[in-house]
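2 protein chains.
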Amino acid sequence: MIKNRLTIQELKDGVLASNKAILGRAISLVESQSEKDRTNALSLVNEVLPFSGNSFRMGITGAPGVGKSTFIDGFGDFLLSQGKKVAILAIDPSSKISGGSILGDKTRMEKLVGRKNVFIRPSPAGHELGGVAQSTLESILLCEAAGYDFIIVETVGVGQSETAAKEMTDMLLFLTIAGAGDDLQGIKRGIMEMIDLVVVNKSDQIDSQVLSKLIGNFNQALHLFPPREFRPAVEILNCSAINSIGFDQIWSFVIKYESKVKENGSFLNNRNSQALNWMRRSLLNMIQKHLQKNEMLKSNIEKFENLVTSKRLSPLDAAKQIFDLLNLG
Amino acid sequence: MIKNRLTIQELKDGVLASNKAILGRAISLVESQSEKDRTNALSLVNEVLPFSGNSFRMGITGAPGVGKSTFIDGFGDFLLSQGKKVAILAIDPSSKISGGSILGDKTRMEKLVGRKNVFIRPSPAGHELGGVAQSTLESILLCEAAGYDFIIVETVGVGQSETAAKEMTDMLLFLTIAGAGDDLQGIKRGIMEMIDLVVVNKSDQIDSQVLSKLIGNFNQALHLFPPREFRPAVEILNCSAINSIGFDQIWSFVIKYESKVKENGSFLNNRNSQALNWMRRSLLNMIQKHLQKNEMLKSNIEKFENLVTSKRLSPLDAAKQIFDLLNLG
Numbered sequence: 001m002i003k004n005r006l007t008i009q010e011l012k013d014g015v016l017a018s019n020k021a022i023l024g025r026a027i028s029l030v031e032s033q034s035e036k037d038r039t040n041a042l043s044l045v046n047e048v049l050p051f052s053g054n055s056f057r058m059g060i061t062g063a064p065g066v067g068k069s070t071f072i073d074g075f076g077d078f079l080l081s082q083g084k085k086v087a088i089l090a091i092d093p094s095s096k097i098s099g100g101s102i103l104g105d106k107t108r109m110e111k112l113v114g115r116k117n118v119f120i121r122p123s124p125a126g127h128e129l130g131g132v133a134q135s136t137l138e139s140i141l142l143c144e145a146a147g148y149d150f151i152i153v154e155t156v157g158v159g160q161s162e163t164a165a166k167e168m169t170d171m172l173l174f175l176t177i178a179g180a181g182d183d184l185q186g187i188k189r190g191i192m193e194m195i196d197l198v199v200v201n202k203s204d205q206i207d208s209q210v211l212s213k214l215i216g217n218f219n220q221a222l223h224l225f226p227p228r229e230f231r232p233a234v235e236i237l238n239c240s241a242i243n244s245i246g247f248d249q250i251w252s253f254v255i256k257y258e259s260k261v262k263e264n265g266s267f268l269n270n271r272n273s274q275a276l277n278w279m280r281r282s283l284l285n286m287i288q289k290h291l292q293k294n295e296m297l298k299s300n301i302e303k304f305e306n307l308v309t310s311k312r313l314s315p316l317d318a319a320k321q322i323f324d325l326l327n328l329g
Numbered sequence: 001m002i003k004n005r006l007t008i009q010e011l012k013d014g015v016l017a018s019n020k021a022i023l024g025r026a027i028s029l030v031e032s033q034s035e036k037d038r039t040n041a042l043s044l045v046n047e048v049l050p051f052s053g054n055s056f057r058m059g060i061t062g063a064p065g066v067g068k069s070t071f072i073d074g075f076g077d078f079l080l081s082q083g084k085k086v087a088i089l090a091i092d093p094s095s096k097i098s099g100g101s102i103l104g105d106k107t108r109m110e111k112l113v114g115r116k117n118v119f120i121r122p123s124p125a126g127h128e129l130g131g132v133a134q135s136t137l138e139s140i141l142l143c144e145a146a147g148y149d150f151i152i153v154e155t156v157g158v159g160q161s162e163t164a165a166k167e168m169t170d171m172l173l174f175l176t177i178a179g180a181g182d183d184l185q186g187i188k189r190g191i192m193e194m195i196d197l198v199v200v201n202k203s204d205q206i207d208s209q210v211l212s213k214l215i216g217n218f219n220q221a222l223h224l225f226p227p228r229e230f231r232p233a234v235e236i237l238n239c240s241a242i243n244s245i246g247f248d249q250i251w252s253f254v255i256k257y258e259s260k261v262k263e264n265g266s267f268l269n270n271r272n273s274q275a276l277n278w279m280r281r282s283l284l285n286m287i288q289k290h291l292q293k294n295e296m297l298k299s300n301i302e303k304f305e306n307l308v309t310s311k312r313l314s315p316l317d318a319a320k321q322i323f324d325l326l327n328l329g
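Those sequence lines, one after another, are chains C and W.
Each step along the first sequence adds one to the number in my numbering, with nothing skipped, and position 78 is 78.
Each step along the second sequence adds one to the number in my numbering, with nothing skipped, and position 191 is 191.
Accuracy of the hints is not assured; some may be wrong.
Repeated chains share a single entry, so a pair holds when one copy, or any two copies, can fit it.
[Stated by the list, open to error] No more than 20 angstroms apart at the CA atoms, straight line, and that leaves these computed lysine to aspartate or glutamate pairs for EDC-like: (1) K320 <-> E193; (2) K293 <-> D324; (3) K289 <-> D324; (4) K260 <-> D13; (5) K262 <-> E235.
No lab work stands behind these hints: they were computed from the structure.
Computed from a prediction, not measured in an experiment: that's the story for all the values here.
All chains, please: the whole structure from these sequences, using the hints.
Right under this line is the structure:
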């Protein structure tokens, strides 16, 4: 049993000892939005930071109904058999609306629940995407410090959640099925260029002609994008997650992908630029939040917005005048 | 002859009188990067702002070699025959490198050069995209105040220039040709979702089977994107710009497009949100520039970047500490 309130040192020790209960507590701390908890969360993450990073981070996205939970359950089980220690996190900004987080119903992960080397954490409910993404990033670092060397970040495929997943992982897997037709209408704009691997799930239930047309359409769509210099070409693989068919090929791709990006340095470059982007974005977010909170500026921004839309002030001059009000010195 | 230095009032009067020489001077002012000129430019733009906006703004993009200049020359001539007053501007952040701006060689616009109701302005050389885009936006407002009611914004199709064009126009036309193959490999990532109309140029030189395959491929690619609620569905039209074939169908599409977006209100909504986005982006740019200029902050940001990439400080904590240094109060 763990006492009610743990110190940062106790949380750090527990995380480094790979104590799941304490890891859960640590993640609750980084998920909290209270100002005091944020200060402690930043301290804790800094404490474990030197022990983080030793993992492969895979984002998994796809429309609802393609079987993401079943896939993660099966592929996670496969990863365990490869000796991996697997953490499964989620980015689900929609849980506020739908009421249930994607990973909330852990019973859907029958093969993984209760296993020693698995840590599953649903997305916190009731937060906006920015907050969810930020806490998922910090959760990744905590899980890595706890020794999890394969991190899966599931997204619900709504809004900008894939972009957020892409910005904190090493590889993005797009899970799909052959729908009523064999076209790609289900794919969201802007997703294609982020994908590193396409996996067609439930492929054993699809007519082989439909399947090859689907794959052909994907290949054609992928040709819309320039060749990838530092990462292996996108592949389109099949699987039947419920029957554990096809995981070995996906695993082969992951191994090939990981060794290529590590050899050519893009793995580290990508992680570094991701980290610096998070820093810059967070800084701009803080400045924007500061602007939004400041009553004087707030009323002024509204005033300037009205001046702009009523064509009494040009957008650029409005920006200049708001900037001057900021008095940054 | 115009005297060397004009007052803002003289510039304003000349612009409103549709004096091309003075319009040219006014645009030179908004293109200047000197701080004093920027102050005057903002004043001038505000002065003419109430007279701006009465135009249809069309962005035109496409890879080098598809015949953008010839197309604009021919289609501009067609617009004149429809009673339009046509201004042609450009966003060409590459002119710094290539040495020659896209519209710099006006001799390529044989039908338009010297015509009464045409104003052609090449993109300023030697500026970064942000500066070019900003001055193009201000140039649009000046041209509108001078009575030009059809504004064409040409982009060189390099970098983010299409995005910039999209953000200041009402409709984006993508000009293409059938290349060696009939596929879409030449299309840049992220462009497809911005396009309102595809025009296949030099279509009279293409085998009809190749042409219909190209159109089929475009239609399939367009299906990757969700249906458009407020704008007409994207169409794929043919033309032979050099032989002035196909302009009437393009014009029909423009009329249909303009009347739909004006009827359902999205024309004005789009312009307003464009203006507010310019305001917000400019404000953030000013803040970022301010941060970059500030020596104390500059050295600190570098220090923090090093701490982040060497995993001694988390990105979010680094952002927090830089924010605290800003002392925004």
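Structure-based check of each hint:
Within a single copy, K320 and E193 get their C-alpha atoms no closer than 36 angstroms, and across copies no closer than 31 angstroms, so neither meets the 20 angstroms cut-off. Taking CA atoms no more than 20 angstroms apart as the test, K293 paired with D324 passes in both settings, with 17 angstroms inside one copy and 16 angstroms between copies. Taking identical chains as interchangeable, the C-alpha atoms of K289 and D324 lie at most 20 angstroms apart whether they share a chain (18 angstroms) or sit on different chains (13 angstroms). In this assembly of identical chains, the alpha carbons of K260 and D13 never lie at most 20 angstroms apart, being 34 angstroms within a copy and 63 angstroms across copies at closest.
Taking CA atoms no more than 20 angstroms apart as the test, K262 paired with E235 passes inside one copy only; the shortest distance there is 19 angstroms, against 44 angstroms between copies.
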